[in-house]
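Colleague: Sequence:
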Amino acid sequence: MKILLPLSKPVIAVMILFYGVSQWNAFFDALIYLTNRELFPLQLFLREMLIQGQLSDMVQVSDSTLDAHALTVEGIKYAVVIVASLPMLILYPFLQRFFVKGVMIGSIKG
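Each step along the sequence shown adds one to the number in the numbering used here, with nothing skipped, and position 16 is 16.
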(Lines of atoms letter the chains of each structure in order from A and count residues from 1; the text may use other names and numbers.)
(Lines give C-alpha, C1' and ligand atoms only; values in the text may rest on other atoms or scores of the structure.)
Protein backbone atom coordinates (compact mmCIF):
# COMPACT_ATOMS: atom_id res chain seq x y z
CA MET A 1 0.00 0.00 0.00
CA LYS A 2 2.96 2.35 0.57
CA ILE A 3 3.86 2.11 -3.12
CA LEU A 4 0.51 1.48 -4.79
CA LEU A 5 -1.57 4.21 -3.16
CA PRO A 6 0.78 7.17 -3.82
CA LEU A 7 1.20 6.11 -7.44
CA SER A 8 -2.56 5.72 -7.86
CA LYS A 9 -3.55 9.15 -6.52
CA PRO A 10 -3.23 10.95 -9.90
CA VAL A 11 -5.27 8.27 -11.67
CA ILE A 12 -7.96 8.36 -8.98
CA ALA A 13 -8.07 12.19 -9.11
CA VAL A 14 -8.54 12.16 -12.89
CA MET A 15 -11.29 9.55 -12.63
CA ILE A 16 -13.04 11.60 -9.94
CA LEU A 17 -12.81 14.74 -12.09
CA PHE A 18 -14.17 12.98 -15.19
CA TYR A 19 -16.99 11.39 -13.19
CA GLY A 20 -17.86 14.74 -11.58
CA VAL A 21 -17.95 16.53 -14.93
CA SER A 22 -20.12 13.83 -16.48
CA GLN A 23 -22.58 13.94 -13.57
CA TRP A 24 -22.61 17.74 -13.56
CA ASN A 25 -23.43 17.86 -17.28
CA ALA A 26 -26.00 15.05 -17.19
CA PHE A 27 -29.39 16.34 -18.25
CA PHE A 28 -30.78 13.54 -20.37
CA ASP A 29 -32.24 11.48 -17.49
CA ALA A 30 -34.00 14.57 -16.16
CA LEU A 31 -35.25 15.33 -19.66
CA ILE A 32 -36.81 11.88 -19.93
CA TYR A 33 -38.21 11.34 -16.44
CA LEU A 34 -39.10 14.75 -14.97
CA THR A 35 -42.29 16.56 -15.87
CA ASN A 36 -42.35 19.06 -13.00
CA ARG A 37 -40.35 22.18 -13.98
CA GLU A 38 -39.56 22.89 -10.32
CA LEU A 39 -37.37 19.75 -10.22
CA PHE A 40 -35.38 20.49 -13.38
CA PRO A 41 -31.60 20.70 -12.90
CA LEU A 42 -29.62 23.72 -14.03
CA GLN A 43 -28.41 22.02 -17.20
CA LEU A 44 -31.96 21.39 -18.38
CA PHE A 45 -32.85 25.07 -17.97
CA LEU A 46 -29.67 25.95 -19.83
CA ARG A 47 -30.60 23.57 -22.65
CA GLU A 48 -34.08 25.08 -22.93
CA MET A 49 -32.67 28.60 -22.95
CA LEU A 50 -30.19 27.78 -25.70
CA ILE A 51 -32.81 26.01 -27.83
CA GLN A 52 -35.24 28.92 -27.48
CA GLY A 53 -32.42 31.27 -28.49
CA GLN A 54 -31.73 29.23 -31.62
CA LEU A 55 -35.40 29.28 -32.55
CA SER A 56 -35.60 33.04 -32.10
CA ASP A 57 -32.44 33.46 -34.25
CA MET A 58 -34.25 31.74 -37.10
CA VAL A 59 -36.92 34.44 -37.12
CA GLN A 60 -35.55 37.49 -38.92
CA VAL A 61 -36.90 40.82 -37.66
CA SER A 62 -35.39 44.17 -38.66
CA ASP A 63 -36.72 46.34 -35.82
CA SER A 64 -33.91 48.05 -33.86
CA THR A 65 -35.58 47.58 -30.45
CA LEU A 66 -35.79 43.86 -31.08
CA ASP A 67 -32.11 43.85 -32.04
CA ALA A 68 -31.22 45.41 -28.66
CA HIS A 69 -33.44 42.85 -26.95
CA ALA A 70 -31.70 40.06 -28.88
CA LEU A 71 -28.30 41.32 -27.69
CA THR A 72 -29.54 41.30 -24.10
CA VAL A 73 -30.85 37.76 -24.47
CA GLU A 74 -27.51 36.65 -25.97
CA GLY A 75 -25.66 38.20 -23.01
CA ILE A 76 -27.91 36.39 -20.55
CA LYS A 77 -27.32 33.09 -22.36
CA TYR A 78 -23.55 33.55 -22.18
CA ALA A 79 -23.73 34.47 -18.50
CA VAL A 80 -25.77 31.36 -17.71
CA VAL A 81 -23.25 29.17 -19.55
CA ILE A 82 -20.42 30.62 -17.43
CA VAL A 83 -22.38 30.19 -14.20
CA ALA A 84 -23.24 26.60 -15.13
CA SER A 85 -19.60 25.72 -15.78
CA LEU A 86 -18.21 27.62 -12.77
CA PRO A 87 -18.28 24.72 -10.24
CA MET A 88 -16.14 22.54 -12.51
CA LEU A 89 -13.79 25.46 -13.17
CA ILE A 90 -13.40 25.92 -9.42
CA LEU A 91 -12.79 22.19 -8.85
CA TYR A 92 -10.07 21.85 -11.49
CA PRO A 93 -7.29 23.89 -9.73
CA PHE A 94 -7.62 21.71 -6.64
CA LEU A 95 -7.10 18.56 -8.69
CA GLN A 96 -4.44 20.03 -11.00
CA ARG A 97 -1.62 19.16 -8.62
CA PHE A 98 -2.46 15.50 -9.10
CA PHE A 99 -2.17 15.89 -12.89
CA VAL A 100 1.28 17.45 -12.55
CA LYS A 101 2.34 14.85 -9.99
CA GLY A 102 1.21 12.01 -12.28
CA VAL A 103 3.23 13.38 -15.16
CA MET A 104 6.32 13.83 -13.00
CA ILE A 105 6.14 10.28 -11.54
CA GLY A 106 6.38 8.75 -14.99
CA SER A 107 9.25 10.99 -16.14
CA ILE A 108 12.89 10.01 -16.33
CA LYS A 109 15.09 11.65 -13.73
CA GLY A 110 18.65 12.18 -14.54
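The set of hints was computed from the structure by calculation and includes no laboratory data. Even for Gly, the Cβ is constructed at its ideal location relative to N, Cα and C. Among these hints, one or two may not hold up.
Simulated restraints on C-beta separations [what the hints assert, rightly or not]: (1) 42 x 94: 32 to 38 Å; (2) 33 x 1: 29 to 35 Å; (3) 39 x 9: 43 to 49 Å; (4) 79 x 5: 19 to 25 Å; (5) 72 x 18: 18 to 24 Å; (6) 4 x 35: 46 to 52 Å; (7) 76 x 4: 21 to 27 Å; (8) 90 x 12: 41 to 47 Å; (9) 48 x 90: 23 to 29 Å; (10) 38 x 83: 17 to 23 Å; (11) 72 x 35: 38 to 44 Å; (12) 78 x 3: 24 to 30 Å; (13) 15 x 79: 27 to 33 Å; (14) 92 x 72: 27 to 33 Å.
Colleague: Are the hints correct? Go through all of them and say.
Modeller: Okay, the hints, checked on the actual structure:
Judged by the Cβ atoms, the range 32 to 38 Å given for residue 42 and residue 94 is violated: they are separated by roughly 21 Å. For residue 33 and residue 1, the Cβ-Cβ distance of about 41 Å falls outside the hinted range of 29 to 35 Å, so the restraint is violated. Judged by the Cβ atoms, the range 43 to 49 Å given for residue 39 and residue 9 is violated: they are separated by roughly 37 Å. Judged by the Cβ atoms, the range 19 to 25 Å given for residue 79 and residue 5 is violated: they are separated by roughly 42 Å.
The supplied range of 18 to 24 Å is broken by residue 72 and residue 18, whose beta-carbon atoms lie about 36 Å from each other. For residue 4 paired with residue 35, a C-beta distance near 47 Å keeps the hint of 46 to 52 Å intact. In this structure, residue 76 and residue 4 break the distance hint of 21 to 27 Å, their C-beta atoms being roughly 49 Å apart. Remark: the range hint 41 to 47 Å for residue 90 to residue 12 is contradicted by a beta-carbon distance near 20 Å.
Separated by about 25 Å at the C-beta atoms, residue 48 and residue 90 satisfy the suggested range of 23 to 29 Å. For the pair residue 38 and residue 83, the supplied restraint of 17 to 23 Å holds, since their beta-carbon distance comes to about 19 Å. Between residue 72 and residue 35 the beta carbons are some 30 Å apart, a value that contradicts the proposed interval 38 to 44 Å. Between residue 78 and residue 3 the beta carbon distance is about 48 Å. The supplied range of 24 to 30 Å is therefore violated.
Under the hint 27 to 33 Å, the C-beta atoms of residue 15 and residue 79, about 31 Å apart, fit the expected range. For the pair residue 92 and residue 72, the beta carbons lie near 30 Å from each other, so the given range of 27 to 33 Å is met.
Checked against the numbered hints given earlier, the structure breaks hints 1, 2, 3, 4, 5, 7, 8, 11, 12 and satisfies all the rest.
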